[in-house]
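Each chain, letter by letter, is given below.
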Amino acid sequence: MRRFLIAAMLALPLTALATDVPLYTLIIQNHRYEPTTLKIPANTKVQIKVINNDPTPEEFESTDFNREKIVMPNGSITVFVGPLKAGKYKFFGDFHQDTAQGVLIAE
Amino acid sequence: MWGIALLVFREVLEAALIVTVVAAATRGVARRGWFIGGGIGLGVLGAVLVAAFAGAIANAASGVGQELFNACVLFAAVLMIGWHVIWMSSHGRELAQHMKAVGGEVQTGASSLSLLLAVVALAVLREGSEIVLFLYGMVAGGAGGLAPGLAIGIAGGTTVGFLLYFGLLRIPLRYFFTATNWMLVLLAAGLASSAARYLVQANLLPQLGGQIWNSSWLLSDGSVLGKMLHILIGYDARPSGIQLVFYTVVVVALLLGARLFDHSAQQKSARGASKTTVATKLDAPA
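Chain order of the listed sequences is A and B. So the first sequence is numbered by the numbering used here: it starts at 1 and just counts up by one. So the second sequence is numbered by the numbering used here: it starts at 1001 and just counts up by one.
None of these hints come from the bench; they were simulated from the model. There may be inaccurate statements among the hints.
[Stated by the list, open to error] Quick list of simulated restraints, FRET-style, between CB atoms: (1) B:Leu1006 x A:Lys85: 46 to 56 Å; (2) A:Pro55 x B:Gly1167: 21 to 31 Å; (3) B:Ile1212 x A:Pro55: 31 to 41 Å.
[As the list claims (entries may be wrong)] The calculated PhoX-like cross-link candidates involving lysine-lysine, where the alpha carbons are at most 25 Å apart (straight line), are: (4) A:Lys85 x A:Lys39; (5) B:Lys1227 x A:Lys88; (6) A:Lys45 x A:Lys90; (7) A:Lys45 x A:Lys88; (8) A:Lys45 x A:Lys85; (9) B:Lys1227 x A:Lys90.
[To be verified] To give an idea of the chain A side of the interface with chain B (calculated C-beta under 10 Å), a few residues: (10) Val21; (11) Pro22; (12) Leu23; (13) His31; (14) Glu34; (15) Thr56; (16) Glu58; (17) Thr63; (18) Ile70; (19) Val81; (20) Lys85; (21) His96; (22) Asp98; (23) Gly102.
In this text, a Cβ means the ideal position worked out from N, Cα and C, and glycines have one as well.
Excised from the complex, chain A in its bound form (with noise of 0.2 Å):
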């Protein structure tokens, strides 16, 4: 735990700099991402922003670049994303994996 506070404090400086990493936004309605496959700048960290426009929850969640968290009914979260090398990389709503999916493209 005392670990964890001293990461904490020491990264407190690094959220300060979040308004620097270019924002891209997602939306997911009707169990579906819109747009399916977004486009990203290689070797970059980016903030992914969700938005949940279902009146269910649902978990923005990928494998291929090891990312998951819950997006409330009418909610929104962020997420960050790299940097990633050039390519694709699928995530998928984890709620609904049958419609709920899309590619991430760093190039």
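Could you slot chain B onto chain A? The hints should help.
Same frame as chain A, now just chain B:
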């Protein structure tokens, strides 16, 4: 129904594996069934509470509440498992000895047990809250097949846990606690690595190199085996550098800690000049 069953199965499986390792590690300890059952019960309660307050948690700490919450829960589990591992390094020998000698249960320090109860509760809470949120969404979306899906998922996940448990029981008693102690060490290291990943996701820690390796062609994080190994040994197909740092720090800290306490325990028992201790000595966990 199958979609529901699959998601519930995956979450239950993750919690069940942790419970299994804890159950194996507390083999031979009196009243442990109550502790583990109590931990699961508390975890389910906690899961419902966490799900109910998921919105508040998500909005806390300027949007990184979810990551902080998960990281805190994971680090708490790491600390408690770590304490037990170090405690076992000096008491595991007595435990195995006693079980060999009397074949019965051991009255042991309740403090170590209640820590493991907490580990069980936290594991169930974390995975359970996702199930609750998911089911809430299914109900809100008017999906059918809820009850059978839930039942199949829980049955499937716990079955795998029981299979692993009975598999572990086949380990000869002489090596048993050495094996479970190692499992606890790797479990704790994996949880620490997951916690680091959450903090990177929230931009609270640098990732120190994106994908140090990519073994997803061999074993994907999304596969059932990948998920099982993710919990059991902290397997990650594409770990970041900071995850490896946390993983290594926990393994090294626990091995050093165990060795340190084991030595002091040996010195004590040497002064007590107990011959049986030497005769039935359990291999040191380090």
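Query raised in the report: Any hints this thing doesn't respect? Which numbers, in order?
Result: 1, 2, 11, 12, 14, 23
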